[in-house]
Amino acid sequence: MPYPAQRRFQSPSFALPALSATLALSLSLGAQAQKVETISIGVAVAQTSNTALLGQEQVIGAKFAEKFLNGRGGINGTPFKLVFQDTGGDEAGAINAFQNLITKDRVLGIVGPTLSQQAFASDPIAERAKVPVMGPSNTAKGIPQIGNFIARVSAPVAVVAPNAVRQALKLDPKIKEVAVLYAQNDAFSTSETGTFQQTAKDQGLTVATVQKFQTTDTDFTTQVTAVLNAKVDLVIISGLAADGGNLVKQLRQLGYKGLIIGGNGLNTSNMFPVCQKLCDGVIIAQAYSPAQGSAANQVFVKEYTAQYKKAPPQFAAQAYAGVQVMVEALKVIDRKKKLNTWELDDLRVELNKQILLGKYSTPLGPIAFDKEGEVIQKEFFVAQIKMKDAKTGSFVYLK
Amino acid sequence: MTDFLSTYGFLIVTMLQAGLLGLSLYFPLQAGQLSLASPGFYSLGGYVAAILLTNPAFAGLRDTLGNAMFPLTWLVAAVLAGLLGLLVGVPALRLRGIYLALATIAFVEVLRVISLNLSITGGAIGLFGIPQPFGIVDRWQYVFIFGPLLILTLLFARQMERSRVGRALRAIREDELAADAMGVPPTRYKVLAFVTGAVLAGIVGAMSAPLLSSWNARQGTFDASIAILAFVLIGGSRHTWGPVVGGALLTAVPEVLRFLADWRLVINGLVLVVASLYLPQGIVGALEKLGRPRPPQRPTPVKPAEVRP
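Heads up: the sequence lines are chains A and B, in that order. Under the numbering used here, the first sequence is numbered contiguously, ending at residue 399. Under the numbering used here, the second sequence is numbered contiguously, ending at residue 1309.
In case anyone wonders, no lab produced these hints; they're calculated from the structure. It is possible that some hints are incorrect.
What the hints assert, rightly or not - Dumping the calculated SDA-like pairs for lysine to any residue here, alpha-carbon to alpha-carbon at most 25 Å:
#  : chain 1 : residue 1 : chain 2 : residue 2
1  : A       : K81       : B       : D1003
2  : A       : K141      : B       : N1055
3  : A       : K63       : B       : L1265
4  : A       : K130      : B       : A1181
5  : A       : K130      : B       : F1134
6  : A       : K371      : B       : L1265
7  : A       : K399      : A       : S294
8  : A       : K130      : B       : W1140
9  : A       : K130      : B       : G1129
10 : A       : K353      : A       : N70
11 : A       : K141      : A       : K371
What the hints assert, rightly or not - Far from chain B, by Cβ distances over 12 Å, these chain A residues were calculated:
#  : residue
12 : D90
13 : E91
14 : D105
15 : E127
16 : R128
17 : Q203
18 : L356
19 : Y397
20 : L398
Since the model is a prediction, treat every value here as computed from it, not as a measurement. Ideal Cβ placement from N, Cα and C applies to all residues, glycine included.
Construct the complete structure from the given sequences, taking the supplied hints into account.
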């Protein structure tokens, strides 16, 4: 087979001139306004650093969207392209990734970044350059308010968490005392725990103890002892997969028998290897469930499962939804005026306008946006973990 | 040119910033003190600026001062970092070598956990929506803020090295006991060097808060301590330019190599390993050696003349 060998030989020598050519091109074409040549959408998520645990799922979701939506005709027959830039886990990385996407890759819009803290640093850059941003997993308060060009598909925690508490009360109406635990160094968990505590009070429950931990902790003896001493009937945990899983495990091992609610950060099968059989019965608040009944979601779940041999996780579904919203908005614009006749800057502004106007049927269910860019999502889910054996389990949707 | 600046402008600014943070660690190192406390003061400075610039309690002050508010944040950050440096430095600098390093790591962690638990610092989310100083619209314009500070710091470091203080610091670095015996009070000079570094890190933090538009507890972490230490060691710990070169290089490498995707981190690691293996004096140290004339060599022994009978 001479062809693959030849190809392998050629690729590095080909890559260098191409690279310098694009560099020269991007330098020389500088300031003057330019028509839109290729339809590219930027994806800036954490592909490296410890945030990559979430970012990798987003990459898979976005790549799946590119393949699947292009397979269905792309933007009225023209395929679109995703450009990935790694943000790493810090603010400077997110700003650099955004700058690259805006000026070098000349994307129409950006899906990203992964963390809310990164969004507070990088979104003002896009706002100033008038490039629409769709946050796939930024759940902190104040994200859409950064500017007109900032929207998100990730529902803020305030709306997801209360459902789980109501569901727990349905399972065991005798619950009176609650212990709340949260990861104090995680932005998502700290805002989520506020909602959980408020909901518990609104439902007439007593918050007997509030315990803090760090996402990097592995030993939770202090927190578990405090919970056991408080003699509670319900434990609510806001954390991430590894720490949350360990906490569940140690609670059970030290003899806690009551119900456990896990926040949205525990909505991932990455937790199963950590607490194994002891994960069983944990109630999880979900912003996305593969059980969501819409046709859009069922096709997504079927295709995704066929390709990756597992049901899509929440971060993948949200990243998919982010890309889908941009593509559908572009389709509408394209029908009015062909995309390749637009000036890049005008198209970015128009895309932002169209994103906020449209209604989308995504795997998250039907969604739309208010005029600030906040997602309006109708359905949230509560699931209970059922473990089949030590390694495999599933989220069983609770009605 | 505008495209280049808007793509890489932010990177250039972060290179300057890294150099400045490297210098803040270089000052105590001049007295032979391995302190990893810089990110703590950097984080403190950033919080001071972020609170002064966003907290509603200071709205009146902001309105009356306008742009003069920004230099005020630098000043307040410098003073607070200096005071905290004094407070931490006096007991901590009784420790030496690795123990001082451990104590300063603990200090950074303590500050981090405090900032996570206070409501004025915004907890884990931190503070956001920090306004831009002096009508800055693009991130590259921060060169005009960080650049002058870097030049001033380099001049200051040069003058200090040539002064009595610089000689005292070097004496302590080489042999503390001998320096003490010669009448150089080690504690006073060590604290002085430590506080100088703290003030610099505090000012850099106060300037960085608007640069990132947001500030949170992830700015001052153990990871940052190690990164800053790497700037100094790779650049060269015995030369003023060392931390600047090291900081700029290690910040730029992963960004300039962005097209290599995940491989860029491998290259970054390689630079670290190769530089520390083959350039023990750092990059600047190695360059300096090149410039110096070779030390005189022992002449090759002349063969004794053959004596024929």
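Against the structure, the hints:
A distance of roughly 22 Å separates the Cα atoms of A:K81 and B:D1003; the hinted pair therefore holds under the 25 Å criterion. For the hint linking A:K141 to B:N1055, the alpha-carbon distance of about 17 Å falls within 25 Å, and the restraint holds. Restraint check for A:K63 and B:L1265: the C-alpha separation of about 22 Å stays at or below 25 Å, so the hint holds. This hinted pair does not check out: A:K130 and B:A1181 have alpha carbons roughly 65 Å apart, beyond 25 Å.
For the proposed pair A:K130 and B:F1134, the alpha carbon gap of about 21 Å is at most 25 Å, so the pair holds. This hinted pair does not check out: A:K371 and B:L1265 have alpha carbons roughly 40 Å apart, beyond 25 Å. The straight-line distance between the Cα atoms of A:K399 and A:S294 is roughly 16 Å, inside the 25 Å bound, and the hint therefore holds. Restraint check: the Cα-Cα separation between A:K130 and B:W1140 comes to about 18 Å, which is no more than 25 Å; the hinted pair holds.
The suggested pairing of A:K130 with B:G1129 holds, with an alpha-carbon distance near 17 Å, which does not exceed 25 Å. At roughly 23 Å between alpha-carbon atoms, A:K353 and A:N70 fall within 25 Å of each other, so this suggested pair holds. Pair hint A:K141 plus A:K371 holds up; C-alpha atoms about 16 Å apart against a cutoff of 25 Å. Not every beta carbon of chain B lies more than 12 Å from that of A:D90, the smallest distance being close to 7 Å; the non-interface claim is violated.
Not every CB of chain B lies more than 12 Å from the CB of A:E91, the least distance being 5 Å, so the non-interface label is violated. A beta-carbon of chain B is positioned within 12 Å of the beta-carbon of A:D105; the least distance is around 10 Å. In this structure A:E127 is not separated from chain B by more than 12 Å, as the shortest Cβ-Cβ distance comes to only about 10 Å. With a least CB separation of 7 Å from chain B, A:R128 falls inside the 12 Å interface cut-off, contrary to its annotation.
Taking the minimum C-beta to C-beta distance to chain B, about 24 Å, the non-interface status of A:Q203 holds against the 12 Å cut. Its beta-carbon lying about 21 Å from the closest one in chain B, A:L356 satisfies the requirement of being farther than 12 Å from that chain. Taking the minimum C-beta to C-beta distance to chain B, about 30 Å, the non-interface status of A:Y397 holds against the 12 Å cut. Taking the minimum C-beta to C-beta distance to chain B, about 29 Å, the non-interface status of A:L398 holds against the 12 Å cut.
Violated hints, in rising order: 4, 6, 12, 13, 14, 15, 16; the structure is consistent with all others.
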